[in-house]
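2 protein chains.
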Amino acid sequence: MTDVLERLRGIVGAAHVLTSTGDQQAYVVDWMKKYRGVALAVVRPGSTDEVAAVLRCCNDAGVTVIPQGGNTGMAGGATPDGSGAQVILSLTRMNRIREIDPVGNTITVDAGCVLATIQQAARDAGCFFPLSLGAEGSCTIGGNLATNAGGIAVLRYGNMRELALGLEVVLADGRIWDGLQALRKDNTGYDLRDLFIGSEGTLGVITGAVLKLYAAPAAKVTAMAALPGRAAALALFTRLRARAGDRLTAFEFMTRNCVDLVLKHASGAVAPFAAAPPAIALAELSDTDAEADLAGLLEDLLAAAVEAGEATDAVIAQSGEQAKALWRIREGISEAQVRAGKTIKHDIALPIGQLAAFMDDCERVVEAAYPGLNFLVFGHLGDGNLHYNLQRAPQMDDDAFYALTGPLNALVHDLVHRYRGSISAEHGVGQLRRDELPRYKSVVALQMMHDLKQLFDPACILNPGKLLQS
Amino acid sequence: MTDVLERLRGIVGAAHVLTSTGDQQAYVVDWMKKYRGVALAVVRPGSTDEVAAVLRCCNDAGVTVIPQGGNTGMAGGATPDGSGAQVILSLTRMNRIREIDPVGNTITVDAGCVLATIQQAARDAGCFFPLSLGAEGSCTIGGNLATNAGGIAVLRYGNMRELALGLEVVLADGRIWDGLQALRKDNTGYDLRDLFIGSEGTLGVITGAVLKLYAAPAAKVTAMAALPGRAAALALFTRLRARAGDRLTAFEFMTRNCVDLVLKHASGAVAPFAAAPPAIALAELSDTDAEADLAGLLEDLLAAAVEAGEATDAVIAQSGEQAKALWRIREGISEAQVRAGKTIKHDIALPIGQLAAFMDDCERVVEAAYPGLNFLVFGHLGDGNLHYNLQRAPQMDDDAFYALTGPLNALVHDLVHRYRGSISAEHGVGQLRRDELPRYKSVVALQMMHDLKQLFDPACILNPGKLLQS
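Keeping their order, the protein sequence lines are chains A and B. Mapping of the first sequence onto the UniProt record's numbering: position 308 corresponds to residue 308, and the numbering continues sequentially without gaps. Mapping of the second sequence onto the UniProt record's numbering: position 341 corresponds to residue 341, and the numbering continues sequentially without gaps.
Keep in mind the hints are simulated off the structure, nothing from the lab. Hints are supplied without guarantee of correctness; some may be wrong.
Any copy will do: because identical chains look the same in the list, a pair fits if it lies in one copy or spans two.
[Stated by the list, open to error] Result set (SDA-like, lysine to any residue): computed pairs, CA atoms no more than 20 Å apart in a straight line: (1) 453 / 464; (2) 34 / 83; (3) 441 / 180; (4) 324 / 47; (5) 220 / 297; (6) 441 / 181; (7) 33 / 398; (8) 441 / 174; (9) 33 / 434.
Just need the whole structure built from these sequences, with the hints factored in.
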């Protein structure tokens with residue numbers, strides 16, 4: 001091991017091989033403080049060639065490598081185990097914007113670029129990079145790619161996968177694949193790019209990417225609708241999408257419990273409606289044409305929805321301030337949850353048309369097994385993605401509630417599976433869902449995944465124990 | 001072999017194993033009559049289980065299998081070799097629309113469904129399936145998926161890859177992968193779906209798919225602009241996209257030679273401008289909102305473009321008839337080329353911002369090597385995709401011209417490669433570009449492709465000699 005450390009120092013420089021507990025602190029624990037590990041060293045390469053040399057060295061020595069970006073993951077995918085024998089490969093020193101092309105609408109970046117830096121570089125060039133999520137000030141694009149990040153713009157622009165044109169990847173044995181192409185069309189063989197996107201650092205280390213840019217939105221309008229029930233949310237969504245088309249850039253859903261929680265616990269949240277409805281939807285339209293009459297369009301649509309009984313009331317923001325106040329209700333849920341005490345969380349996706357039926361079924365099943373839990377159900381309804389969270393019953397203590405994690409996961413995820421849904425819509429598998437995966441993936445899919453892992457990483461040095469069971 | 005035929009008859013029924021020359025005729029030659037082969041049999045399974053049994057049988061017997069849909073490919077990817085030992089697996093009997101979900105905006109189909117049938121089913125449900133190409137009346141969705149088809153709606157909706165949510169695939173050894181999910185988000189492991197899309201039947205046989213549907217366009221406007229040169233095309237495209245955003249559903253480009261050829265040879269084409277410009281662009285805007293003032297928007301944009309010198313003149317279609325007449329000029333190119341005599345064709349993609357520079361460079365290089373050829377350059381400029389075709393010089397005979405195919409391919413494709421472009425933007429590799437691929441793919445990419453082929457099809461029974469050299 002001393003020999004390996006010496007070789008790593010030779011590759012990246014002694015200053016970039018961190019071995020002391022103090023220096024490693026920010027790398028060995030995930031941001032939620034849920035997963036903790038110990039590392040042989042944190043290695044911080046400054047170039048793709050250095051990444052290649054590090055992997056060659058580790059592959060030869062049989063040392064396992066945990067790739068890490070901004071360390072903002074939701075599933076423990078970037079935290080080492082407790083052995084103290086793993087190397088954390090931190091990409092954050094590789095943070096150059098390599099090139100920006102406003103005519104081709106592409107940007108080429110190092111994997112360690114922070115998402116907000118890329119958004120800003122796009123804006124500075126008169127373009128728009130749509131990926132947007134809570135951690136954007138510290139997450140890196142390499143992590144976004146490795147986990148196929150979602151966020152609040154998926155309805156209109158797709159997941160990270162849809163925003164990538166080309167990749168540069170270092171394979172386990174140190175070979176560099178230069179797939180940094182800026183093409184909208186290329187039918188010359190297998191889609192290697194999408195194999196690495198979403199593979200959580202288990203098949204290769206992404207070191208660079210070419211991303212799509214878009215025309216910047218020049219007009220935006222936000223509204224909130226009071227819904228008579230869950231099925232109405234789908235009817236309203238269908239109505240908005242049919243006429244507004246891609247102007248519909250967000251369609252978020254919250255049940256009444258979430259709104260109540262936010263009003264009680266999140267600072268600065270104001271009740272949107274005098275009488276609290278069973279559920280609310282937040283819709284945002286945007287347009288590249290500054291002169292587009294989005295407010296008029298949305299007013300028409302919401303009036304028709306109220307007429308049709310799909311909404312009981314609606315409010316359209318008349319200013320940026322009012323729009324922020326509406327978004328505050330949606331975005332305050334996370335903060336309110338933290339203050340209100342522990343929750344058991346699920347990040348699930350369903351066929352959109354099945355969302356209302358699923359919610360009805362799931363509530364029935366959970367309530368029958370564990371009466372009195374508080375349901376906090378919200379999410380990106382337009383993507384079929386629900387954050388399906390459960391809070392302890394008033395009479396339950398935290399420990400008794402936590403003991404339900406496994407059984408509740410099984411209850412909720414079994415039903416998700418019956419609806420042909422996904423047990424991880426946007427957060428990935430990491431350590432969090434790894435042991436649940438075999439229960440829900442088909443045998444053939446799992447065989448293919450293990451075969452691919454074996455093909456790309458025969459010595460199993462890349463992020464072992466993440467995503468797949470070893 | 002007799003034994004294999006008997007077993008195949010046992011699986012699909014004797015009526016669906018075609019062995020006579022007459023019965024096989026429509027299957028052993030591609031539609032362009034460019035590739036001809038002989039088959040042991042054409043096997044026409046009626047279900048996914050039958051496909052699985054056929055592949056198991058062939059894999060055990062070491063008989064190679066050529067998957068085939070509508071037989072409309074552009075690269076000879078579905079034609080057997082001349083050995084008479086290969087089985088053509090025709091999917092056309094599997095042509096059921098399995099399910100359509102207008103709320104979830106998805107349709108689930110058999111691989112043998114004809115594209116136009118799917119378009120119609122979507123329309124009947126008040127939705128829209130955007131894939132559209134010349135062969136849509138006879139190509140099948142399985143072929144579209146296997147070749148990652150492009151067409152005229154890529155600018156707005158993406159390639160086939162972007163339109164697929166889930167797949168059902170039979171692997172070489174007969175295992176069935178049920179990946180038929182209708183989810184917009186799923187981060188539970190490796191992206192198996194995109195590995196099969198675009199793999200030209202060499203990794204597995206696609207038997208079913210879940211496809212995305214969209215809100216139907218309710219307004220449309222078409223215009224043609226006279227351009228002072230090639231660079232102006234990019235400036236005009238950038239201008240339109242910045243304000244019209246996703247309303248811009250087509251941006252097609254043609255050089256003057258193409259327009260001249262169409263006016264001379266294609267029936268019913270009318271000169272769009274009194275004085276013939278060096279190049280023209282055809283732009284189409286569409287909108288899901290029937291009340292959108294697209295003509296007003298496009299008029300504003302084109303007036304500003306003329307003011308800025310990006311166009312010298314423009315005409316906006318005032319009726320569906322006029323729009324058709326403008327499209328006739330673009331769509332007449334294929335017909336005119338056939339009538340005007342043989343061409344050497346290239347289907348290339350480039351970074352969009354490099355298109356004008358590439359065209360200048362390529363013309364210089366080709367003209368220096370082979371003076372007097374006629375350049376017919378047109379294509380989906382908004383996708384960076386050019387059909388870069390060359391016609392013989394007036395004094396040249398056809399044979400002398402054809403002898404230039406190899407050298408001209410090398411000249412054009414070497415330059416494409418230098419610009420980091422693709423030698424097959426939308427037509428695929430098949431037999432047509434197979435032997436050129438090693439010259440342009442990186443060693444690492446080719447290694448990964450061969451490794452994947454070996455992993456998924458160790459006995460090499462699936463479409464051997466297509467895409468990859470054996």
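Quiz item: Going through the earlier hints one by one, which of them does the structure break, listed in rising order?
Solution: Result: hint 4 breaks, nothing else.
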